[in-house]
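Peer 1: Chains A and B, in that order, give the protein sequences. Counting from 3, one number per residue, gives the positions in the first sequence under the numbering used here. Counting from 5, one number per residue, gives the positions in the second sequence under the numbering used here.
Be aware that a few hints might be false.
Partial selection, computed: residues in chain B whose CB lies under 8 Å from chain A [to be verified]:
(1) ALA49
(2) SER145
(3) PRO146
(4) ARG149
(5) ASP154
(6) THR196
(7) VAL198
(8) ALA351
(9) GLY354
Note that these hints are calculated values from the structure, not bench results. Beta carbons are placed, not taken as given, at the ideal position from N, Cα and C, and that holds for glycine.
Listed below, chain by chain, are the residues.
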Amino acid sequence: MTELTCKVLIIGGGPGGYVAGIRAGQLGLDTIVVDAEALGGTCLNVGCIPSKAIIHAADEFEKAMHFANSSALGISAGKPKLDLTKTVAWKDGIVKRLTTGVGGLLKKNKVKTIKGWATFADGKTVDVKTADDVTRIRAENIIIATGSVPVELPFMKFGGAVISSTGALALDAPPKNFAIVGAGYIGLELGIAFAKFGSKVTVVEAMDRILPTYDAELTKPVAKRLKDLGVTVILGAKAKGLSKDGKSLEIEQNGKTEVIPADKVLVTVGRKPLTEGWGREKLALDMDGRHLKINDRCETSMRGVFAIGDVTGEPMLAHRAMAQGEMVAEIIAGHNRRWDKVAIPAICFTDPEIVSAGLSPDEAKAAGYAIKSAIFPFAANGRAMTMEAEDGFVRAVAREDNHLILGLQAVGRGASELSAAFGLALEMGARLEDIAGTIHAHPTQGEALQEAALRTLGHAFHI
Amino acid sequence: MGVHVIKLPDVGEGVAEAELVEWMVGPGDNVMEDQVLAAVMTDKATVEIPSPVIGKVTWLGAKIGEVVAVGSPIIKLDVDGAGNAKDDGAALVKEPKAEKKPAPAPKAEPKPEPTPRPAAKAAAPATTGAPRKEGDKPIASPAVRKRASDAGVDLRRVTGTGPAGRITHEDLDGYFENGSGAAAGRGRAADTSVKEIQIIGLRRKIAEKMAISRSRIPDIVYVDEVDVTSLEDLRAKLNTERIPDQAKLTILPFLMRAMAKAIADQPQINSLFDDEAGIVRQYGGVHIGVAAQTDGGLVVPVVRHVEARGLWDCAAEVARLADAAKKGTATRDELSGSTITITSLGALGGIVTTPVINHPEVAIVGVNKMQVRPHWDGASFVPRRMMNLSCAFDHRIVDGWNAAVFVQRVKTLLENPAMIFI
């Protein structure tokens, strides 16, 4: 057994863990990052990045299909062909570049990385089972960044025709009939991509609408697009399991059982914090429901043990984990830090994309604010017209009394990039007048943000 | 017009190099004859380098903290006439009129004060008044939030004057100015600053000497207490009866005399050990260094030939040297050449010290604070004035037995002060 000591031990090399590692390294702390898989965690390996690669490929393929018929743009081309194995290989190349890059960044900041599975021996000691040895690491501070895993349905375990998002990102061909259980953001992102690749996609959702975590107004353009793409959405229905021959999915809707033909069934019913398998039972860590309980400094109930990222619950987003990781590294270095972020923007890379930062109108009202809110549709935005991206809108939510921005949302093609402006406005404590008074370059989709602010103030130009 | 080059003079016997510790002039300054240009430090003395000529500084040859070899040029002056530099013919023709220019503005001219930010003043009163509505989160940009958290300030206590009650940098300035700063915040702010201080001059010398001593000398420390009641009575008596121009007696002259007497019996205590050559030089003269704290750091002025001095003579010499050391006027000779050292932190209290031997000496005597302690005289406790001596010896040269004998001898002499004078 090899024995090591360090100031900071980070369990998990995902976005939370590796950012904590880089920052700790920058601050001169003796730091070790442990991960059993490639660095980058879910995000880089089987989440954000690879799914965006597949989505991009699907968009390109759909565009080519579009040109195979006659298009309004006057472009016509031959019928495209898809070799998904090549697409997946290209995607894997990007993943490889990024994970290698993360390793390089950690190395540059003098952070040691160990590949292996970590298990707590006690609150200051962790055993890492590496390929050929066990390394015992004693650390002054430990950051738990173990992330999350897809939730499995007990009656439809992953394997064979039943796949998780990880499996969906590694298919060698689009399934002819593709059933998706769960109309959350992962299910819809992948469902839309495979519909564009040519699969016959059916989405089954237990709730009465798609994307239940976003408000109905934002999801309407997505619902419309799903219809255009030929995706069948069955709401208020429960998956019961695979049929006996394994070639279809049985669901129950309004007490009636229905059968949906499916070569593959993608189960995306959420993700759960990874709180098992690393010795949590040996520690005195308080839980908060399914996730580890933390305070506003990401401290757990044990001294010197911090937790960041998905293992600490919702929202399970890479950028939240990164900000927590940065903060915890600084806390360990002696800085006075507390979680004081105003907003964690969330994006849904469906077609069209949804981005939301801060409070929706309903959330703001529920929080007791008297609000002003207005939308500005992309249909009235010149740039959106030139890109055939007229669906969707930007929405501003502000306090009625002092016009402080409480929330900004958008749905539309490429709307995800607006998240930077949304986040900045909220963190800076901008008022409607600040956004309205900022020159937004023409012609861009971003002008819709300025117009939404203007319209909330009652004097938009282009509507 | 020519260039006069000043080289580092030979500042002391056997000194090959010196550390530049201060520049009194900078390039462009006009200097007078005998004006001090720079200070260099050798072993323990600071030597000032005066200008032999009138001229204008054009070049400085060393940075502060740099060690300069004797004979290397350290400064160049533009002077009337040929100067002493032979290779500066070019400069001579290039700037023949420079001399005619009026002298540059005196360097003491005050620089304009940076204009204070007016906003800070305006914001100052903003911190009073009611905080925002209960339950409302403070609104502030991430930069303001970070500044506040670094200073340990809870932004909920800061009133924002910006749009929608946003807390601006100026609001935070005002909050700090009104004195309700860090202490009123969530807690104490961590101070993660690191200040780099270049170890130069005397501090470097001290560091080097201490490192040599501790790394080379296996020392033995021996502590005993001395009953100085009789000595104190005698000292008080002598002080009341002294003639006005005599220095007031401290305990030091008695100790010095006692050491000189003990050394007469044990001369190996009074020696320098050249451990590289493997030679111990046993000195006939007892030259006692007396460690003195100055603003610049520790220096050790030396009272020479204590064996030949009387009590009052020792007192006068200690007083004179201590004064010179504090004023920084002690010469190199006065600060070197000791054969044994006394160190005293007496006034500060402390029971025991582990003195660091002044290499290459082999012994050091540390004086601890005199205190009245109960003493068992066989029948009852009586108050006695007691003082500890903490002494360290180079165990390579001085055996433990001899060390103990020396300290016991000094103790006996101090406890029976009449014996010092026999």
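Peer 1: Next step is simple, just say for each hint if it's right about the structure.
Peer 2: To see whether the hints hold, each was checked on the structure:
With its C-beta approaching chain A no nearer than about 40 Å, ALA49 of chain B sits outside the 8 Å limit, and its interface hint is violated. Residue-level restraint check for SER145 of chain B holds (minimum Cβ-Cβ distance to chain A is 5 Å; threshold 8 Å). Nearest Cβ of chain A to the Cβ of PRO146 of chain B: about 5 Å, under the 8 Å cut. The hint holds. Evaluation of the ARG149 of chain B hint against chain A yields a held restraint, the C-beta minimum of about 5 Å falling below 8 Å.
A hinted interface residue such as ASP154 of chain B counts as satisfied when its beta carbon comes closer than 8 Å to some beta carbon of chain A; here the least separation is about 6 Å, so the hint holds. A hinted interface residue such as THR196 of chain B counts as satisfied when its beta carbon comes closer than 8 Å to some beta carbon of chain A; here the least separation is about 5 Å, so the hint holds. Look at VAL198 of chain B: its Cβ only gets to about 10 Å from chain A, farther than 8 Å, so that hint breaks. Interface hint at ALA351 of chain B: violated, since its Cβ lies 37 Å from the closest Cβ of chain A, which is beyond the 8 Å cut-off.
Residue-level restraint check for GLY354 of chain B is violated (minimum Cβ-Cβ distance to chain A is 33 Å; threshold 8 Å).
Hints 1, 7, 8 and 9 from the earlier list are contradicted by this structure; the remaining hints agree with it.
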